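**Student:** Read off the chains here:
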Amino acid sequence: MTGAGNCGSRAPGAAPAALELKDVTQYFGGLRALCGVNFSIPAGELAGIIGPNGAGKTTVFNLITGVYKPSKGKIIFNGSGIDGLRSSEIAARGIARTFQNIRLFKELSVLDNVRAAHYARMDVNPLEALFHAGRHRAEEARVTRQSRELLDRFGLGGSACELAKNLPYGLQRRLEILRAAGTSPSLILLDEPAAGMNPGEIGELMSFILRLKKELSLTVLLIEHQMRLVMGMCSHIVVLDFGMVIADGTPGLVRADAGVMEAYMGRAK
Amino acid sequence: MRVSAEFLRRACSPGKYFNARTVAAAGFIAALAVSRYGLLDNYLQLLLMLIGINVILTMSLNLINGYMGEFSVGHAGFMAAGAYVSSLLSVRTLAAFSPFWAFPCAVLAGGLVAGAVGLVVAVPSFKTRGDYLAIVTLAFSMIVKSVIENIDAVGGPRGFLGMDKLTTLPWVFFWVVVTIWVIRNFIYSRFGRGVLAVREDEIAADLTGVNTRNVKMLAFVVSSFFAGIAGGLYAHLIQYISPGSFDILKSTEMLVMVYLGGVGSIAGSILGATTYTVLLEALRPLGMWRMAVMPLLLVGLMIFRPRGMMGLKEARWLVPSSEREGGDSK
Numbered sequence: 001m002t003g004a005g006n007c008g009s010r011a012p013g014a015a016p017a018a019l020e021l022k023d024v025t026q027y028f029g030g031l032r033a034l035c036g037v038n039f040s041i042p043a044g045e046l047a048g049i050i051g052p053n054g055a056g057k058t059t060v061f062n063l064i065t066g067v068y069k070p071s072k073g074k075i076i077f078n079g080s081g082i083d084g085l086r087s088s089e090i091a092a093r094g095i096a097r098t099f100q101n102i103r104l105f106k107e108l109s110v111l112d113n114v115r116a117a118h119y120a121r122m123d124v125n126p127l128e129a130l131f132h133a134g135r136h137r138a139e140e141a142r143v144t145r146q147s148r149e150l151l152d153r154f155g156l157g158g159s160a161c162e163l164a165k166n167l168p169y170g171l172q173r174r175l176e177i178l179r180a181a182g183t184s185p186s187l188i189l190l191d192e193p194a195a196g197m198n199p200g201e202i203g204e205l206m207s208f209i210l211r212l213k214k215e216l217s218l219t220v221l222l223i224e225h226q227m228r229l230v231m232g233m234c235s236h237i238v239v240l241d242f243g244m245v246i247a248d249g250t251p252g253l254v255r256a257d258a259g260v261m262e263a264y265m266g267r268a269k
Numbered sequence: 001m002r003v004s005a006e007f008l009r010r011a012c013s014p015g016k017y018f019n020a021r022t023v024a025a026a027g028f029i030a031a032l033a034v035s036r037y038g039l040l041d042n043y044l045q046l047l048l049m050l051i052g053i054n055v056i057l058t059m060s061l062n063l064i065n066g067y068m069g070e071f072s073v074g075h076a077g078f079m080a081a082g083a084y085v086s087s088l089l090s091v092r093t094l095a096a097f098s099p100f101w102a103f104p105c106a107v108l109a110g111g112l113v114a115g116a117v118g119l120v121v122a123v124p125s126f127k128t129r130g131d132y133l134a135i136v137t138l139a140f141s142m143i144v145k146s147v148i149e150n151i152d153a154v155g156g157p158r159g160f161l162g163m164d165k166l167t168t169l170p171w172v173f174f175w176v177v178v179t180i181w182v183i184r185n186f187i188y189s190r191f192g193r194g195v196l197a198v199r200e201d202e203i204a205a206d207l208t209g210v211n212t213r214n215v216k217m218l219a220f221v222v223s224s225f226f227a228g229i230a231g232g233l234y235a236h237l238i239q240y241i242s243p244g245s246f247d248i249l250k251s252t253e254m255l256v257m258v259y260l261g262g263v264g265s266i267a268g269s270i271l272g273a274t275t276y277t278v279l280l281e282a283l284r285p286l287g288m289w290r291m292a293v294m295p296l297l298l299v300g301l302m303i304f305r306p307r308g309m310m311g312l313k314e315a316r317w318l319v320p321s322s323e324r325e326g327g328d329s330k
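The listed protein sequences derive, respectively, from chains W and F. Everything in the first sequence is counted per this note's numbering, starting at 1 for the first residue and increasing by one. Everything in the second sequence is counted per this note's numbering, starting at 1 for the first residue and increasing by one.
Possibly wrong hints are sitting among the right ones.
Claimed, not checked - Computed Cβ-Cβ distance ranges for the label pairs, DEER-style:
#1 F:L296 / W:C161: 47 to 53 Å
#2 F:S146 / W:A138: 45 to 51 Å
#3 W:G54 / F:L296: 49 to 55 Å
What the hints assert, rightly or not - Derived lysine-lysine pairs resembling DSS-like cross-links, with alpha carbons at most 25 Å apart:
#4 W:K106 / W:K165
#5 W:K72 / F:K127
#6 W:K69 / F:K127
#7 F:K127 / W:K106
#8 F:K165 / W:K106
#9 F:K250 / F:K165
#10 F:K313 / W:K165
As the list claims (entries may be wrong) - The following residues of chain W were derived to be distant from chain F, with all beta-carbon distances above 12 Å:
#11 G29
#12 K74
#13 A120
#14 N198
Keep in mind that the hints were calculated from the coordinates and are not lab data. Because the structure is a prediction, the values reported are computed rather than measured. Just so it is clear, CB atoms sit at the ideal spot from N, CA and C, and this is done for glycine as well.
Looking at chain F on its own, in the form it has when it is part of the complex (with noise of 0.2 Å):
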């Protein structure tokens, strides 16, 4: 037990070599390798891209849920927006001619329309909270789908295809990068901080100076654009996207993988979602039984672990470098 300890403790320490900027770059000229090359075959890139995904809306769904301490239960809502609006661009405008910035961009006007949309859902966030919100966030995601239902354009119930195959592992990969980062250098800011004090006592946050209003707007803002940016790259893995993709079935599987993984930690979210995915596709041979095993291994997990695996601890290799000698409670 010590000796696993000690290994889990030093394998998450960064040293000389080991840190997040390592880490990235190996990982990426990997991704380039197994795309380009094939070394994996098609099922476990399909896999990985799926983890990475995962790892994208358990991370942006984290933000709000995890650090800010509030309860959304529509995240599958912000993601159905990025991915219809990256779909219909990349179906309608860049379908001939693509060179290889253009799919990005198309994702990230799905992330951006997504981070608008979260940013009317912020607005009832100003005057409820906890459960109240939750429901906020529910109602406002079956809006998202039933206006989608409606919407002939994008071809209502029936679901809209077309988009070619454009989600690879390196673009995977590129965007669970920058969304790392990025959802890391909001936690560690002032911006962060007041978003972390909102959890922990919003009238005294208030009274210290934070200006709830606009951290929560930031933190919507943030997370929805994330998802957005999940749901672009979703859309153009499966190349078929349908209301029912994105119900409250799809929103319970992100709060599973966050509760999984760990609240209010970034190495907790790529934890809880690559388990989780992992899991789905190991257990897959228990056919029936398998959506049997899943919620039993989650009752098992709140009983013994309330807070995901890593339960609001960090990988050291996560946190800034200024941020390290510091005590950290994040």
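Looking at chain W on its own, in the form it has when it is part of the complex (with noise of 0.2 Å):
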């Protein structure tokens, strides 16, 4: 890691990175969206981006998923350059992400939207889908399985025949995070996971996501307004403000920051 990154860079002696932003910076035709963010989420760890509205948090997880290309920047996973692959691409090698509004494949049951996150980990060719060869066969037996497994663990195995439309809001989001497990990521991006929920919903999945974390040994950075979620989770989390990072560390740190505070609470007079 030679990152030339002067804001964001972690302190040496850290885990391996598993995602790194670099000068990353993103223009939607004149509007500045992101300017230079630099920072990097190590291997293993649960990391928070935070920020006012429309300070680019999902311009950031749609520039890591390839949804957009960044206009200038790298981005690097894993220790390879992912910016300008596409989205699928970017998915087969290990980053799945969630919406900020729910982005489930409504008219399937459950357990086909998990089994359809399969797709890039399936040594299927089309012609032996065509013509049900035994080999197609036995990869659709073993997504099934390994699909109602996840479900099971993750106490969605009880829906599994129904429509994803069915389900009660809550559970849509369990599923939309099973979903991007599916995929069988090593770093996984969560878009306000707990956006709509009582206090109560909350609690539920913070432990959810840390079960899926130390089960699943993820990577997962997240998008959150609630505090109580970032703060209680996150053990690094960067600030955004205005497409700029403002400040970068533990939660201790970031709450201390007096211009975190300001863009914030605004300053006082």
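Dock chain to chain to rebuild the complex, using the hints, since each chain is given by itself in its own frame.
**Tutor:** If you want it as structure tokens, here you go:
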């Protein structure tokens, strides 16, 4: 890591970075959404991105997952550059995500939502699939078994046969996270997982995310407005404001940061 | 009402003797017997063959419009490609000596060419979708039509004839079974789930690792391949094809069958194609009014069952056995 990053480079001695953003800048026409964003997430960490509305948090996710190509800068995942790759290719390399507004495959069953996520990890060519070859059947059986296991383990096994759209809101959120986990990622990006949840549900969601992270040994990066969730779970927080990183560090550090207070509360007169 | 629902449920669920395999075998034997011993008069046989061809067309279009959620209105173009290629082959090469397998080979060649054409149409689908892709497919079918009109070797606008009547009931039945089998395999596979994911949410599909480009190309190729097969069968049944037989009206007819039967359902495709073909014949005594009754029927259908008679549901005997106990949404 020979990052030229001036702000946000981590202390030496930390775990190797799973994800590194180097001087990432994004323009939408004349609007500068992100400006020289630098930060890195060590493997195995649970990190959070916070910031006021419009700070560019979701844009960061969209750049990492290849929805947009960064105007400038590099995104490095597990040691290789991924900026400019197609989204499906990035997903196949091991980055999965959820969305701010849930985007499930609504008319498919819960099971099929997870099975669809196995696409990149299935070794079947079109002819084998069309002619129902042995390998296709074996792969189908494997994927069905693994998907059911995942659903059973994380509490959605009972609704495997229901249509995704018929699940209650909280379970839809969970299913979306499990669908992301179905791609066998090493890094998972959660975009406001607790949006629209009451405090009790948030508590459950927090333990759900922690268990998922531990059992599947994931690195997690999440965007969240619920401070209780962010401060309580994340070991590392990046604060964005107007497309720039204004703070980067442990929750304690970020909480004490004057710039962060100003971004959220405004300046005291 | 309840009795009939119970009956329907039973009729559609696979039993010990009633499953896809035995239905196919029994049907094929029946088709052989009918054409061999003339058990049905020629008119009924013709009707059955038209139903079969329409089932293939409907399944083919359903893959794009029902399962993938795109809107192709140019499917007659693929059908034309298959019809012309197989007709040319059969007239030019295998008229004199024709072993029984020569005809399916000609039909297959037509299907393959149509599939290759489908690959070309798939490319714009990477960038456009919905209404815009519909216009692309419409333009494509117009291009096919005017290209054929300008090739003198196939008769141009006058049309093309000289094919023997090689399409028989057993062959149609054979291709119907192949179509159902292959498309079913496709849908209940890695790629089929990718197609459904594209329908539900293309961006989410991409971000969960589905290679949406590959999936779209595959869907278009498989779909246009079978449209081409149907074209070949049609050409050797009617023994005359012209650019006019593959115009927008033909494409519309296919759309009607898909939406009548049920989007995203194999059973719906079979039901839709059969109902439409039979109704069109049954209403023949109405003469001119026939064309007024059909659209009215469609208006009613769209109001009361906008997703067709089956509407995303599948008859259980058409679902692969490994999928049956699992919750099925297709």
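**Student:** Could you run down the list of hints and mark each one as holding or not?
**Tutor:** Taking the hints in turn, this is what the structure says about them:
Between F:L296 and W:C161 the CB atoms are about 38 Å apart, so this pair departs from the stated range of 47 to 53 Å. Restraint check, F:S146 to W:A138: a C-beta distance of roughly 48 Å satisfies the suggested window 45 to 51 Å. A C-beta distance of roughly 52 Å is found between W:G54 and F:L296, which places it inside the suggested range of 49 to 55 Å. Between W:K106 and W:K165 the alpha-carbon distance is near 5 Å, which keeps this suggested pair within the 25 Å criterion.
The straight-line distance between the Cα atoms of W:K72 and F:K127 is roughly 24 Å, inside the 25 Å bound, and the hint therefore holds. Distance check on the hinted pair: W:K69 and F:K127 sit about 16 Å apart at the alpha-carbon level, within 25 Å; holds. Annotation: proposed proximity of F:K127 to W:K106 holds, straight-line Cα distance about 23 Å (limit 25 Å). A hinted pair counts as satisfied when its Cα atoms are at most 25 Å apart, and F:K165 with W:K106 does not qualify at roughly 47 Å.
Between F:K250 and F:K165 the alpha-carbon distance is near 22 Å, which keeps this suggested pair within the 25 Å criterion. Straight-line distance between C-alpha atoms of F:K313 and W:K165 comes to about 16 Å, which keeps the hinted pair within the 25 Å bound. The beta carbon of W:G29 is kept farther than 12 Å from every beta carbon of chain F, the shortest such distance being approximately 20 Å. The Cβ of W:K74 lies farther than 12 Å from every Cβ of chain F, with a closest approach of about 20 Å, so its non-interface assignment holds.
The non-interface label for W:A120 is inconsistent with chain F: the shortest C-beta to C-beta separation is roughly 4 Å, within 12 Å. Every CB of chain F lies more than 12 Å from the CB of W:N198, the least distance being 26 Å, so the non-interface label holds.
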